[in-house]
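Protein chains: 2
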Amino acid sequence: MCDIAAWHDCTVAVRLRAKHATWENAIIRAVTSIDVARAAGVSQSAVSRAFSPGSSISARTKQKVLAAAASLGYRPNRIPAIMLSGRSFMVGVVIGGLENPFYATALERLATALRESGLQVLLMHVDDALTLDSALDRLVSYRIDAIVTSLAIGSKAVVQALSQLRLPVVCFNSSHVGPWISTVNSNNHGAGLVAARLLGRHGMQRPLWLAGPSRNSASRARGRGFCQGVRDTGIPSARLVRVQGNDTYDSGYDAIARLQKQGIRPDAIFSSNDMMACGAIDALRECMGLHCPHDVAIMGYDNIPQAAWRSYDLTSFDQQTDQMVARAMQLLDEALGTQDGPVSRTCIVDAQLIERGSTRAAR
Amino acid sequence: MCDIAAWHDCTVAVRLRAKHATWENAIIRAVTSIDVARAAGVSQSAVSRAFSPGSSISARTKQKVLAAAASLGYRPNRIPAIMLSGRSFMVGVVIGGLENPFYATALERLATALRESGLQVLLMHVDDALTLDSALDRLVSYRIDAIVTSLAIGSKAVVQALSQLRLPVVCFNSSHVGPWISTVNSNNHGAGLVAARLLGRHGMQRPLWLAGPSRNSASRARGRGFCQGVRDTGIPSARLVRVQGNDTYDSGYDAIARLQKQGIRPDAIFSSNDMMACGAIDALRECMGLHCPHDVAIMGYDNIPQAAWRSYDLTSFDQQTDQMVARAMQLLDEALGTQDGPVSRTCIVDAQLIERGSTRAAR
Numbered sequence: 001m002c003d004i005a006a007w008h009d010c011t012v013a014v015r016l017r018a019k020h021a022t023w024e025n026a027i028i029r030a031v032t033s034i035d036v037a038r039a040a041g042v043s044q045s046a047v048s049r050a051f052s053p054g055s056s057i058s059a060r061t062k063q064k065v066l067a068a069a070a071s072l073g074y075r076p077n078r079i080p081a082i083m084l085s086g087r088s089f090m091v092g093v094v095i096g097g098l099e100n101p102f103y104a105t106a107l108e109r110l111a112t113a114l115r116e117s118g119l120q121v122l123l124m125h126v127d128d129a130l131t132l133d134s135a136l137d138r139l140v141s142y143r144i145d146a147i148v149t150s151l152a153i154g155s156k157a158v159v160q161a162l163s164q165l166r167l168p169v170v171c172f173n174s175s176h177v178g179p180w181i182s183t184v185n186s187n188n189h190g191a192g193l194v195a196a197r198l199l200g201r202h203g204m205q206r207p208l209w210l211a212g213p214s215r216n217s218a219s220r221a222r223g224r225g226f227c228q229g230v231r232d233t234g235i236p237s238a239r240l241v242r243v244q245g246n247d248t249y250d251s252g253y254d255a256i257a258r259l260q261k262q263g264i265r266p267d268a269i270f271s272s273n274d275m276m277a278c279g280a281i282d283a284l285r286e287c288m289g290l291h292c293p294h295d296v297a298i299m300g301y302d303n304i305p306q307a308a309w310r311s312y313d314l315t316s317f318d319q320q321t322d323q324m325v326a327r328a329m330q331l332l333d334e335a336l337g338t339q340d341g342p343v344s345r346t347c348i349v350d351a352q353l354i355e356r357g358s359t360r361a362a363r
Numbered sequence: 001m002c003d004i005a006a007w008h009d010c011t012v013a014v015r016l017r018a019k020h021a022t023w024e025n026a027i028i029r030a031v032t033s034i035d036v037a038r039a040a041g042v043s044q045s046a047v048s049r050a051f052s053p054g055s056s057i058s059a060r061t062k063q064k065v066l067a068a069a070a071s072l073g074y075r076p077n078r079i080p081a082i083m084l085s086g087r088s089f090m091v092g093v094v095i096g097g098l099e100n101p102f103y104a105t106a107l108e109r110l111a112t113a114l115r116e117s118g119l120q121v122l123l124m125h126v127d128d129a130l131t132l133d134s135a136l137d138r139l140v141s142y143r144i145d146a147i148v149t150s151l152a153i154g155s156k157a158v159v160q161a162l163s164q165l166r167l168p169v170v171c172f173n174s175s176h177v178g179p180w181i182s183t184v185n186s187n188n189h190g191a192g193l194v195a196a197r198l199l200g201r202h203g204m205q206r207p208l209w210l211a212g213p214s215r216n217s218a219s220r221a222r223g224r225g226f227c228q229g230v231r232d233t234g235i236p237s238a239r240l241v242r243v244q245g246n247d248t249y250d251s252g253y254d255a256i257a258r259l260q261k262q263g264i265r266p267d268a269i270f271s272s273n274d275m276m277a278c279g280a281i282d283a284l285r286e287c288m289g290l291h292c293p294h295d296v297a298i299m300g301y302d303n304i305p306q307a308a309w310r311s312y313d314l315t316s317f318d319q320q321t322d323q324m325v326a327r328a329m330q331l332l333d334e335a336l337g338t339q340d341g342p343v344s345r346t347c348i349v350d351a352q353l354i355e356r357g358s359t360r361a362a363r
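If you're matching them up, the sequences are chains A and B in order.
Take the first sequence: its position 296, counted from the start at 1, is 296 in UniProt numbering, and no numbers get skipped.
Take the second sequence: its position 168, counted from the start at 1, is 168 in UniProt numbering, and no numbers get skipped.
For the record, the hints were derived by calculation from the structure and aren't laboratory data.
Keep in mind the model is a prediction, meaning the values are calculated, not measured.
Treat the hints with care, as some may be off.
Pairs involving identical chains hold if they fit within one copy or between any two copies, as the list cannot separate such chains.
[Claimed, not checked] Simulated crosslink set (DMTMM-like; lysine to aspartate or glutamate; CA at most 20 Å straight-line): (1) 62 x 137; (2) 64 x 313; (3) 62 x 295; (4) 261 x 295; (5) 64 x 137; (6) 156 x 127; (7) 64 x 108; (8) 156 x 137.
So that you can see chain A by itself, here it is in the shape it has in the complex (with noise of 0.2 Å):
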């Protein structure tokens, strides 16, 4: 038999056989319920009330236990919680690419949205989404109740990796879908249209795409949304120049430059991102002597904070992440709440554009 009591039992017998450990001072100097019964001088099960929303207990008992606990620095252990219910409240999110505000931004609101929801962030920072699978046996050892990622999942591997945890996936912008794995996207796709729409009324005669990497789903399919509206707005596909960077401010000015060598210039550009973006504005000036929006228009995706800076006061799309991340907190609930096997979801959130200085002037 093995209650709630066993396990406090086995707490105290742990905290006495370690005073010959270690770590002994690591465990003997965290207070236990025990401690605070009895300073308060109740029960152990009224400290185990005082500290459970909801539980039964008078105003004044409550009163006694947190000043007692208050004076001891006693705080409730989740642990025990955790074995039994076989529910941590901990969620596992994998991040990575930091130095891209969008990513640094849409982690703050996620980890906000997360610990209002009474769950608690156990965050795994991974270089690259192709070695999320060894840092996954680590997260889940914690015994997780699920994972957040927004990285971008471009392989199928990693997918399989994921649906094998059998633990709800919940993923940002990926394209790959499998069982537990469900997924936010924005609308990409959208974007690129409307992208297209608006430089096409600024006069675009020789568009550039500029790229995100090539596993970038969510950049691919910006680019195919732009590809389709620069053709309907009568611009034949082949006069549509295309160039890949990796979605970092130098490689937008790299981009350019290389242009520059090849003798193209264009007089539009939707970028797959800002940061690329802006480093496409101060090679165009610099490389060029071509000024936006004067002598090109030009657009990124994300509305990070740069964009907003006078130097760029560049168009974008936000992302709208305040709404991806309540959409993800749904899936979450959803793949949480349910007794019927695995979910598997997409939704899509349509980016909003904010118009800036670099498509404003009319030429």
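Fit chain B to the supplied structure of chain A, relying on the hints for placement.
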């Protein structure tokens, strides 16, 4: 008596009882070491040894266990070990202000260093250090081993709350000290002196100190160093103009716009961070018609990626985040390893001057 075997029995009992609980599917989908032992035809203790580095187990048995574990999707459970040892190998990392790319980069490096030390990050995002106290309760209930925070802790009450946790705490750029609390600081005062010397060589006559929020002790130290350095160049203190921002781009822009209205035109600016310096550069151009470095020399702090962007080309101080994180890890090791009660240390890392175009021109 409570040993590892008893814990495993508990886990089984919980699994059986949980079949009738709400979180049934969250629990019964987890594969246990018993399932793996049965599939591999070995004892449960062999499974445990296969997943414990350095344990005595034959290569053949270990391979059988790993194959069975892989086919069942089993991953070891760290929770019983947390209860027995009192160590979770989780470190609470408290962050805020990721809109500043400096903090985002610091978080990435810290998360990587912790992972490489076998520690896991339990992330807590708070909007402000003043709200830290309520966040701590939740973190500590997971029996974290220590806390690392990059928040500017300017309040004695927060320091007291941290000390009362009786857990090792490591802060970055914090001025307050207390039992259990160690700090890694950038040499903020020294950098202020260096900034004044460099700007002095560029003919500084009308210096401006663009300060961060007054609760930011790192900013105050930079300002004191700069003020002393300006005096050392022979310029009377009264000639040093001081304006205050809040570490954002907009606050740097607005500070210069206000000076324009007062008819004050600086010729040398030291900004407490790069974000405000970027705002100042744009406002100097747009509001005063002044260009850097021809009319004004300007320096920032943090060496964020945008400092290297061509529109800013900003001279800055690099905090040497790698070194600061390495020192933080040493302090953490020391605090976790000692038997001699609370550790409280401060160490200082020199910032590296990165000279760029914003201070380069001879005027």
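Against the structure, the hints:
1. 62 x 137: between (41 Å within a copy, 17 Å between copies)
2. 64 x 313: neither (58 Å within a copy, 60 Å between copies)
3. 62 x 295: neither (70 Å within a copy, 66 Å between copies)
4. 261 x 295: This pair counts as within: shortest intra-copy Cα distance 18 Å, inter-copy 33 Å.
5. 64 x 137: between (43 Å within a copy, 18 Å between copies)
6. 156 x 127: Classified as within; 18 Å inside a copy, 37 Å across copies.
7. 64 x 108: This pair counts as neither: shortest intra-copy Cα distance 37 Å, inter-copy 43 Å.
8. 156 x 137: For residue 156 and residue 137, only the intra-copy Cα distance (18 Å) is at most 20 Å; the inter-copy one is 40 Å.
Hints 2, 3 and 7 from the list above are not met by this structure, while the remaining hints are.
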